[in-house]
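Asker: So the chains spell out like this:
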Amino acid sequence: MLGIALKMLFGDPVKLAGLLLGIAFSTLLMAQQGGFFIGLISRSANIVMEAQDVDVWVMDPKTETAEAPTPMRDVELYRVRGVEGVASAAPFVQATATLRTAERRSATAGFLGIDDGTLLGINPRFVVGTPEDLRRPDAIAIDQLGFARLWPGEPLKPGKVLEVNDRRAVVVAITEALPGFAVPVVVYTRLSQALAYAPGGRNRLSFVLVQTAPGADPAEVARRISSQTGLQAHTSRALQRKTIDYVIANTGIAPSFGVVIALGAVVGVLVTGLTFTLFVNDNLRQFAVLKAVGVSGWRILGMVMTQAIVVAFIGYAFGLWGASAFFDAVDRPLSDLKGFWLPWQVAALVAGATVAIVLLASVTAIRRVLALDPAVVFRS
Amino acid sequence: MTRGVIKSFGTGDTRAQVLRGVEFDAQAGEMTFLVGPSGCGKTTLISILSAMLTPDGGDVTVFGVEPVKLRGAKLTDFRMRTVGFVFQQFNLMPALDAAENAAVPLIVQGVGAGRARKQAAALLDRLGLGAHLDKYPAQLSAGQQQRVAIARALIHEPRLVVCDEPTASLDATSGRAVMEILKSIAVQKNRAVIVVTHDNRIYSFADRITFMADGRVVRTALPASLQEYEVA
Ligand SMILES: Nc1ncnc2c1ncn2[C@@H]1O[C@H](COP(=O)(O)OP(=O)(O)OP(=O)(O)O)[C@@H](O)[C@H]1O
Ligand SMILES: [Mg+2]
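Protein chains in written order, with the numbering used here: chain A, 1 to 380; chain B, 1001 to 1232.
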């Protein structure tokens, strides 16, 4: 019987194409927008995620997001160092400034000032140069996407000179750092230099980066730092979460993506529902014949559900293939959407949504088939 | 087979009694024609006989079974095993080829696809369609499609075969061919075949003809005594 159901389905290529298109489209839209959304909000946590070897981040109690920290007094560094379980603690400054090239191109960059001595918190992936190069005068390391923006078409090479707030900066290294949410270009430099680039006085410490003692639980150390210093302390992971939550709560991104995703689902339900109802309607006489030759309502239901589920499966496969092809295409070193991916959680959620869409879409069709009077087979 | 069967459609003012106490018999081993003016209730009657409609009153017995009393699985089982159908519009499934269409009742009964197809092929061969097993309904002539439908009506060896206007969509020649097949293959010792028709050119195939008018059976006759209808 299921074989017959499938033959009915594949015997009507036009409606089959309509069904698949409807589902593939909404799956594609939901997965693409879902992945895009995750990729976009995750950018806000990139500076945390990419900081090497940091176990605990300490910040001012008023800081809500890693991208816009409230400055702390410089002495907080020493107070943190005194807490049990802290093996080493380094200062970290995050400032925003505008880069200008000799060719008069400019870009807003996030300056990540790392401890001159330990270089703790730097991104480990260098395309050109090494972290050690940052010890040279006026040295900065720029991310490759930023480099491509400021010097389009030029090979990734050190030696470029920039102006930042009337001060000189020399590109000595190029990193693979991923762009942030608020800052499209990521620059690593020594702490002292970052402070010099961004005007202002002392006491502009953004974070204290902590490496915990071997065997110590970072979450426990973070709690201890909070209670002993009155500062805010989080593990790397917790700060990433907090930052992403902040972006979701404080920007219109979530609702606007939500609307598009919901629209995808609604279009999916409508197109699929309409086409599936048409399909079942067209085959009503065939279903009546089957009822007449002794197929029970349950088996008819099974046939219709099989058709719906097969359509859902194939449509989902096409849609997801399209979405992952999109993310494959955009995740290039020099693409604006670098670092975007399709999380499996999004794929799973979309699969669930697809099943729901198809079930919802087949309600009318199923009711029609179940209510069908087999005696219609005698009417001409 | 039926005693005093009554059936109405509609409600209130629009309610119309279509069958007004039908007394009807068909014998196993015979082909019984059911004829009468349009709207007199022939289709309604065979729908009741084949358990597709429930009458409002009267008794219906089909080979000792009272389909009116069947419910749920017993009812579908009755349709599945006891009845075979041939329709004016053939009602074949366009996505299945000839052999698959003929095999549908076996598949419904749970016979494996391979075996069902083999049996269907053998029967189609007897019906002169051995060369067209793989063809889809759209690739067959009307007469060939009706023969596939006949194969579907007979494949599971039902005891009752009901045919509603089986020749109405066919030209005279294929109509006769279809009736010849029905007569020679469908009619068997323990099977009753009922043919509803308007087509008096095929009356000669009947073993017995029952006339209906306005919801009642008015007379039953043997085809030999029917010269006057041949001209009518
Ligand atoms: N489901 C239904 N609902 C309402 N009225 C119906 C229904 N089925 C049949 N009728 C009516 O019952 C009457 C008898 O119908 P039926 O189909 O049994 O006649 P028939 O003898 O087969 O006619 P024909 O030769 O035109 O096929 C007709 O007037 C028809 O309109
Ligand atoms: Mg009729």
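Treat the hints as calculated values from the structure; they're not laboratory data. Ideal placement from N, C-alpha and C gives every residue a C-beta, glycine not left out. It cannot be assumed that every hint is accurate.
Unchecked claim - Below, in silico cross-link-like pairs of lysine-lysine (DSS-like), each with a Cα-Cα straight-line distance of 27 Å or less:
1. K7(A) - K1135(B)
2. K1189(B) - K1135(B)
3. K1069(B) - K1118(B)
4. K1135(B) - K15(A)
Said to hold, decoys possible - Some chain A residues near chain B, calculated using beta-carbon distances under 7 Å:
5. P158
6. A238
7. L370
8. A371
Asker: Decide, hint by hint, whether the structure agrees.
Answerer: Hints, one by one, checked against the model:
1. K7(A) - K1135(B): 14 Å, holds
2. K1189(B) - K1135(B): 32 Å, violated
3. K1069(B) - K1118(B): Cα-Cα ~35 Å, so violated.
4. K1135(B) - K15(A): 22 Å, holds
5. P158: Violated, about 67 Å.
6. A238: 58 Å, violated
7. L370: The hint is violated - L370(A) has no Cβ within 7 Å of chain B, the shortest such distance being about 14 Å.
8. A371: Violated - the Cβ of A371(A) stays beyond 7 Å from chain B, reaching only about 15 Å at its closest.
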